[in-house]
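Protein chains in written order, with this note's numbering: chain U, 1 to 323; chain B, 1001 to 1312; chain G, 2001 to 2591.
Everything labelled a hint here was simulated from the structure, so no lab data went into it.
Among the hints, a few may not be true.
Computed list of chain B residues with no C-beta within reach of chain G, every gap over 12 Å [stated by the list, open to error]: (1) Val1005; (2) Phe1030; (3) Pro1050; (4) Met1118; (5) Ser1162; (6) Ile1272.
27 Å max Cα-Cα, derived DSSO-like pairs, lysine-lysine [as the list claims (entries may be wrong)]: (7) G:Lys2163 with G:Lys2189; (8) U:Lys76 with G:Lys2522; (9) G:Lys2447 with G:Lys2473; (10) G:Lys2186 with G:Lys2212; (11) G:Lys2410 with G:Lys2546; (12) G:Lys2212 with G:Lys2180; (13) G:Lys2212 with U:Lys76; (14) G:Lys2180 with G:Lys2190; (15) G:Lys2524 with G:Lys2212; (16) G:Lys2522 with G:Lys2212; (17) G:Lys2447 with U:Lys76; (18) U:Lys76 with G:Lys2189; (19) G:Lys2190 with G:Lys2255; (20) B:Lys1026 with G:Lys2186; (21) G:Lys2447 with G:Lys2180.
Calculated from the model, a selection of chain U residues having no Cβ within reach of chain B, i.e. all distances over 10 Å [claimed, not checked]: (22) Val15; (23) Val64; (24) Arg126; (25) Asp131; (26) Val152; (27) Arg222; (28) Leu308.
Here a beta-carbon is modelled for each residue, glycine too, at the ideal position from N, C-alpha and C.
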Amino acid sequence: MIAFALRRIASMIVVLFALSVIVFLIFFATPGIDPARQMAGRNATPETLAAIRSNFGLDRPLPVQYLTMMDRIVVKRDIESYSNRGVQVIPQIIAAAPVTFSLVFGAAVIWIFASIGIGLLAASLRGTIWDPLLMGVSLIGVALPVFWLGEVANLVTQQRFHDTFLFSWVPPLGYVPLTEDPIGWFTHLVIPWLVLSVLFVGFYARVLRSDIVSSENEDYVRTARSKGITERRVLLRHQLRTSMITFVSLFGLDFAALVAGGALLVEVVFGLPGVGRLTYLSLAGLDLPVIMTTVLYGAFFIVVASALVDILYAFLDPRTRTA
Amino acid sequence: MLSLVVLLVIIIATLLAPVYASRIAKTDPFASNLSGTIVINGQTVPVIQPNPTGLGSTPIGPTWQAQYFLGADTQGRDVAARLLYGGRASLIVGVAAAVVACLIATIIGLLAGFSGGMIDATISRLLDIVWAFPIYLLAIALSTVLLVQGLSIGPIAVDPGSLWLPVIIIGFVFVPYVARPVRGEVLSVRRRDYVEAAIAQGARRRRLLFKEILPNVLPSVIVIFPLMIAACILTESALSFLSIGVQPPQASWGTIINGGQAQLYTRPMVSISAGLMIAITILVLNILGDGVRDALDPRAKLRLRRRGRAQA
Amino acid sequence: MTTNTTKSRSLFALLALAVTACVLAACGSSTAPQGSEPATTAASADTAATAAADANADVTLDSPHRGGTMEIVWNGFGSSIDPGVDYDGNWTLLRLTNDGLLTWKRVAGPDGNTLVPNLAEEIPTPTADGLIYTFKVRPGVKFSTGQEVKPSDFKATIERQFKLPGPVSSFYAVLLGGDKCASTPKAGKKCDLSLGIVADDAAMTLTFNLLKQDPDFLQKLALPFAYVLPANTPPKETGVTPLPATGPYMIESFKPGESMVMVRNPEFVQWSKDAQPNGYPDRIEYNIAILPNAGTTQVANGQADWIADQIPADRLGEISEKYPEQIAINANPQVYHMVLNATTPPFDDVRVRQAINYATDRAAIVQLWGGPKLGQITCQILPPNFPSYEAYCPFTLNPGPTWSAPDMPKAQQLVDASGTKGQKVVIISTPDEVTTAVSLYFVSLLKQLGYEASIKTLQSGVQYTYVQDSANKAQMSMSYWYPDYPAPADFLDIVVGCGGYHENSTANPNLSMFCDPAIDAKTKAAEQMQLTDPAAAVAMWTEIDKLVTDAAPWVPLFVASNLDFVSSRVGNYQSNPSVVGGFMFEQAWVQ
């Protein structure tokens, strides 16, 4: 067990290292991308350009540049953005993380409760029209492109119906920290939460329902029923509980991916200055230090989460350890 | 069944886009028509109408007739015709990317699961690397870079403006999502008694691969396929929304939503209609996927487990 | 890269369209919105009263309008807050935090382009040979840190230009010793201008010794690069740490991609109403995370006071109808154009370049931009506010001073003659709305002319770099440019001439890669004449403008006007025409 965990951690480090090399190569080996040009300002002269290239070591060989950059990100933790000179990247990510976390956390609360509710309801109403109806609605949730939903939500709440009593409370796009103004935090985020959670509510409700339904014929359910336990108790105590294993492991991965920057479309559409938006902007501006750092930060979350899930699985089911 | 019908209708409609544009609407969905006019109820009206205040102009809204059925976009092009052409591109990219993803994934999944040892370890680590990116970030990173110079791997050169570029990028980022479960499936098939017996008897590897393992793995891939198409279409639309997917003047539903942003306040129908088309297509693909799964793999062991994270 | 001498005499700015720097307005035809009728009347009464008392008094002190927070949304904010580094990204606000010896008068209307003394007591006359300028520095002015501003700070500021280096440090290479500082990065780091700038802190005098005459020298001293910073300011871009301020405001915090806040500088005492008047709002807050569309909505809903980005074309109808009192249009000298790469087929053939020019429906493009009120059709390189400007349009149905309609038959004929039909043309665009729209129009047009046209969209950060580098062979892209001030300098040499053409470099402002030896000879002659016979030079520049226009390295499209949209509570709207001008939001009322 410990050996497996250690192996998993070792491979995690290998993955992160390889990832950093690949990202570095992708962005430095592409002709037409010139970080010095971006740093020099918009209308710099060739002389200025040359000076910047030598000041920032951009005229040195690639392996040296790679090592310098990694040293700054991982060891010295002192790396500046290329596009916004003087901006420390790591504090920037630390500042962006609470925004993303607020967004993902709120959405996760909604999606956990709503999907369990819908999943249970549909499973218990099997055989009635409600089951396919709820599942159909969930499927629609899965099918909506999240950026489009966000746009439409903005159209409705910020413009078309902003002046009606329904949405006059909706504040302008953006983010307010929880510590500064809890109510503002909530009102700024509630629509992004809903938009982000729609997909997951639909997806998780369907997963949960089908897990519950497929557990119908399992021995433990039959045993419980034969003991004369009420249907409701069987559903909540036994079926829901076992189905939650899949649910929780899925949740771990999704949550990690979103915190890692996977919520970028929602962040971009709603103007939330989170990690996803930061990564997107750095990609758009080809701000290499920020790209490197955010990608490593994001990959770290995902790799750790998937390692945890794997270790958990290995713990529950020894057969997968060799995998 | 209904879903299949709807899907077929969408496919046929988008395939008939050229016919619609040239015969019914008689508009060119790819040519700017900034100063053109059309006739509505006997009156000649400009396609792009200058605002009464003299500031800005507004493209014509839905006419509900053959020409400009859903109105015009900011270039004065027929939105309805573009929607059909866009659907064609979206479906082509979605299907082709799904084929790329499933094909590569099946090959390397089989290779890894069947060979074991170093090959398996290497492939698994490579998959881990791709997998460690949030999927959109990887796709955005690749698109940003590849749009600068295009892609050339050996003899294959892909032009930045070509539809193949999003196909390759999207297909590539989804490989681990299929390859991992395929590899798992191969491992579990290998462990079955009769396969182990065959190995013990010294059956030829190749025969084993094609006679025993592939037939067992294939249904799982087929079950994934429609869901993969759905995921690829969604990814394409997201990339195009960020203007790094399908490149104009070609249209896809994503580029129409993106372009529609420029007229979201005056003519929201442009974005809304393209979004609805995506939603309907994804919906029927998902229903279809469920149907295929029920038919081929009733125990549903191989659900596209980590699909949720692909789509935020 | 040996052409820095010509460059050093030129002030120009050329920006990729996508990076919207929209606050450069001239006030020729300003239609200022009125916050409210009584407020405006009160203002004129105020002004009249104080003008009688003391023309230079700080009128904000007793004003009921003093105070409040000016809320600005600006998605395009992306530049440095270091005046030594920023090249026209944040000049409009750096103007309020820092000062140079000279500046452009802080008033609305054409008078706003007049140079006035700022931290100098008066504008000096150079010695007869035009090589020595002696300034008297205004005493008693303090940095926000409490330090007094001394002549030696100015010397250090210019030296810092070479140490950083600033984006166009070679502007100041005309100073004695400046040529050495500009020669290599190493020499720049150790730049010493003791010969070129003599600072006497006791007498408060500052003397500039020039290598050679420079007709634009005073204008260069008015640019933010020369805004004075304490002598001990590190020769390193300041990043997010605000530098000491001298103006009425200082930057309190700057979070890139999020916000920027300016507050009153406690050390500021108004010294010249013309140069640096005190402002009304107590705080100026920028929200820089909001996209233009959302920003427009915020101003409409009164959640923000001004949007510094361009208003999306889609919203123009809505806001001009619903909020006519809250918009103002100011003429703007930016010339928008399509760049045709004269070194790459098919545009290496002058006939093809001319054909595109004939075929372009400029009226339709102006409509894409927002209508004739926001864009004036043009066919030539020079903008209308230029001394050498003479309206000229060869590329129209009936050639003459103005454009009337596209001439398709003529265009088709030229394309046929060139034998380039069927060739591939790729337009390099950005995700920006207008750039995309115009690029799409040209794809259509090129197809109509028989070319195989397509678009390549690059992120704006990459696009401008990409099209500059001749190695990329970018065939066509949209761009705009404007001069930093209307002076008959050698910009024709830089933006469409040999002087600005640097092969295989990403610091190549001549996007067309256009370099014609015959025109170049004329340009060089005109540059010489500038110093000896300015009047004759003007005529010569007019001729060169026509020659370049005929050779068609561009498809000139229109001269843009700028539209400001402010919230209903904003009063006392005024706009300044200088390069550091635009909406003077510090003069506006939010109370």
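Going down the list of hints, with the structure as the test:
Even its closest Cβ contact with chain G, about 36 Å, leaves Val1005 of chain B beyond 12 Å, as expected for a residue assigned away from the interface. Some Cβ of chain G comes within 12 Å of the Cβ of Phe1030 of chain B; the nearest lies about 8 Å off, and the non-interface call is violated. Listed as outside the interface, Pro1050 of chain B is inconsistent with that label: its C-beta sits roughly 6 Å from the nearest C-beta of chain G, within the 12 Å cut-off. Chain G leaves Met1118 of chain B outside its interface by the beta-carbon criterion, the shortest separation being 40 Å against a cut-off of 12 Å.
Consistency note on Ser1162 of chain B: stated as away from chain G, yet its beta-carbon is not over 12 Å from all of that chain's, at 9 Å minimum. Taking the minimum C-beta to C-beta distance to chain G, about 15 Å, the non-interface status of Ile1272 of chain B holds against the 12 Å cut. The suggested pairing of Lys2163 of chain G with Lys2189 of chain G holds, with an alpha-carbon distance near 4 Å, which does not exceed 27 Å. With a C-alpha separation of about 56 Å, the suggested pairing of Lys76 of chain U with Lys2522 of chain G is violated against the 27 Å cut-off.
Of the pairs offered as hints, the one joining Lys2447 of chain G and Lys2473 of chain G holds, with about 20 Å between alpha carbons and a cut-off of 27 Å not exceeded. Note on Lys2186 of chain G and Lys2212 of chain G: the hinted pairing holds, with a Cα-Cα distance of about 24 Å set against a maximum of 27 Å. The suggested pairing of Lys2410 of chain G with Lys2546 of chain G holds, with an alpha-carbon distance near 20 Å, which does not exceed 27 Å. Pair hint Lys2212 of chain G plus Lys2180 of chain G holds up; C-alpha atoms about 14 Å apart against a cutoff of 27 Å.
Proposed proximity of Lys2212 of chain G and Lys76 of chain U is contradicted: the alpha carbons are some 48 Å apart, above 27 Å. Proximity of Lys2180 of chain G to Lys2190 of chain G is assessed by CA-CA distance (about 10 Å); at most 27 Å being required, the pair is judged to hold. Taking the CA atoms of Lys2524 of chain G and Lys2212 of chain G, the gap is near 16 Å; set against the 27 Å cutoff, the hint holds. Between Lys2522 of chain G and Lys2212 of chain G the CA atoms are separated by roughly 22 Å; this keeps the pair inside 27 Å, and the hint holds.
For the suggested pair Lys2447 of chain G and Lys76 of chain U, the alpha carbons sit about 55 Å apart, so the restraint of at most 27 Å is broken. Taking the CA atoms of Lys76 of chain U and Lys2189 of chain G, the gap is about 26 Å. The hint holds against a cut of 27 Å. In summary, the hint linking Lys2190 of chain G to Lys2255 of chain G is not supported, as the alpha carbons are separated by about 32 Å, beyond the 27 Å threshold. A distance of roughly 66 Å separates the Cα atoms of Lys1026 of chain B and Lys2186 of chain G; the hinted pair therefore is violated under the 27 Å criterion.
Of the supplied pair hints, the one linking Lys2447 of chain G and Lys2180 of chain G is violated, its CA atoms being roughly 52 Å apart against a limit of 27 Å. Residue-level check failed: Val15 of chain U sits 5 Å from the nearest beta carbon of chain B, not beyond 10 Å. Once the 10 Å rule is applied to beta carbons, Val64 of chain U is consistent with being away from chain B; the minimum gap is 22 Å. Once the 10 Å rule is applied to beta carbons, Arg126 of chain U is consistent with being away from chain B; the minimum gap is 15 Å.
Here Asp131 of chain U stays apart from chain B, with its beta-carbon at least about 14 Å from theirs, past the 10 Å limit. Distance check on Val152 of chain U: its Cβ comes as close as 7 Å (rounded) to a Cβ of chain B, failing to clear the 10 Å threshold; non-interface status is violated. With a least CB separation of 18 Å from chain B, Arg222 of chain U remains clear of the 10 Å interface cut-off, as annotated. Under the 10 Å C-beta cut-off, the non-interface status given to Leu308 of chain U relative to chain B holds; the minimum distance is some 14 Å.
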